[in-house]
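Q: Turn these sequences into a full structure, and let the hints steer you where they fit.
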Amino acid sequence: EDQVTQSPEALRLQEGESSSLNCSYTVSGLRGLFWYRQDPGKGPEFLFTLYSAGEEKEKERLKATLTKKESFLHITAPKPEDSATYLCAGTLGGQNFVFGPGTRLSVLP
Amino acid sequence: DAGVIQSPRHEVTEMGQEVTLRCKPISGHNSLFWYRQTMMRGLELLIYFNNNVPIDDSGMPEDRFSAKMPNASFSTLKIQPSEPRDSAVYFCATLRTGGNEKLFFGSGTQLSVL
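Chains A and B supply the protein sequences, listed in that same order. Here our numbering is used: position 82 in the first sequence is 82, and no number is missing along the way. Take the position in the second sequence, starting the count at 1, then add 1000; the result is the number in our numbering.
These are computed hints drawn from the structure, not numbers from a lab. Don't take each hint at face value.
To be verified - Listed below are the simulated DSSO-like cross-link pairs for lysine-lysine, each with C-alpha atoms no more than 27 Å apart in a straight line: (1) A/63 / A/42; (2) A/68 / A/42; (3) A/57 / A/68; (4) B/1102 / A/69; (5) B/1068 / B/1024; (6) B/1078 / A/42; (7) A/59 / A/42; (8) B/1102 / A/68; (9) B/1024 / B/1102; (10) A/79 / A/42; (11) B/1024 / A/57; (12) A/68 / B/1024; (13) A/57 / B/1078; (14) A/69 / A/59; (15) A/59 / A/79; (16) A/57 / A/69; (17) B/1068 / B/1078; (18) B/1102 / A/59; (19) B/1068 / A/57; (20) B/1078 / B/1102; (21) B/1068 / A/63; (22) A/68 / A/79; (23) B/1102 / A/79.
Said to hold, decoys possible - If the Cβ cut is set under 7 Å, some of the chain B residues that face chain A in the computed set are: (24) 1040; (25) 1042; (26) 1091; (27) 1102; (28) 1105; (29) 1106; (30) 1107; (31) 1108.
Said to hold, decoys possible - Quick look at which bits of chain A chain B covers, simulated, 3 or more residues with Cβ under 8 Å: (32) 45 to 55; (33) 100 to 107.
As the structure is a computational prediction, the values presented were derived from the model and not from experiment. For every residue, glycine included, the Cβ atom is placed at its ideal position computed from N, Cα and C.
A: And the structure:
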């Protein structure tokens, strides 16, 4: 069964304390790996798409990387406004997106 | 572009009542998805359409749920009759394909069935 798991379930950081979120997948023939940010009361907001092992993408304090079995979302010197739930999703192509349960990130000032 | 527009934002109803959720996709996006999000199960795909045609409805929990897309600019998700276990946030999302695929989500409908 295609599955996406994320760890940790929740993460609390001090402002400026860098860390990484993990996304592991067992989606056979993965075509794309997506990262989304979700704020309370809102829909998920697109961050990155990664297509091949070794690929990296960056946006402000966030950097996403992809290996053959997992993806990491690295957060460098986070700020309180980075607090949100981060979701990853895998797709085989077409329109079948499998979402992980998310990591709830809290960045304390 | 206004993005994916969902209505209503909040819906409170009593068990047994019919509930209709609405979605206006982004113009030019030819795939539309309905997701349900709960704390216990996360984001679950209910059904998706491609060019207004339902492609995969295997995620629809039971016959009480139905979805339509009569044209490229409108879709509905209907629950009849509603039950308390249907309480969740329902999201509509549309897909831009070609190159960098991105799912764009609406703000969701918070449904509470009492």
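Q: Enumerate the violated hints, using their earlier numbering and listing them in ascending order.
A: Structure breaks hints 2, 11, 12, 13, 19, 21, 22 and 24.
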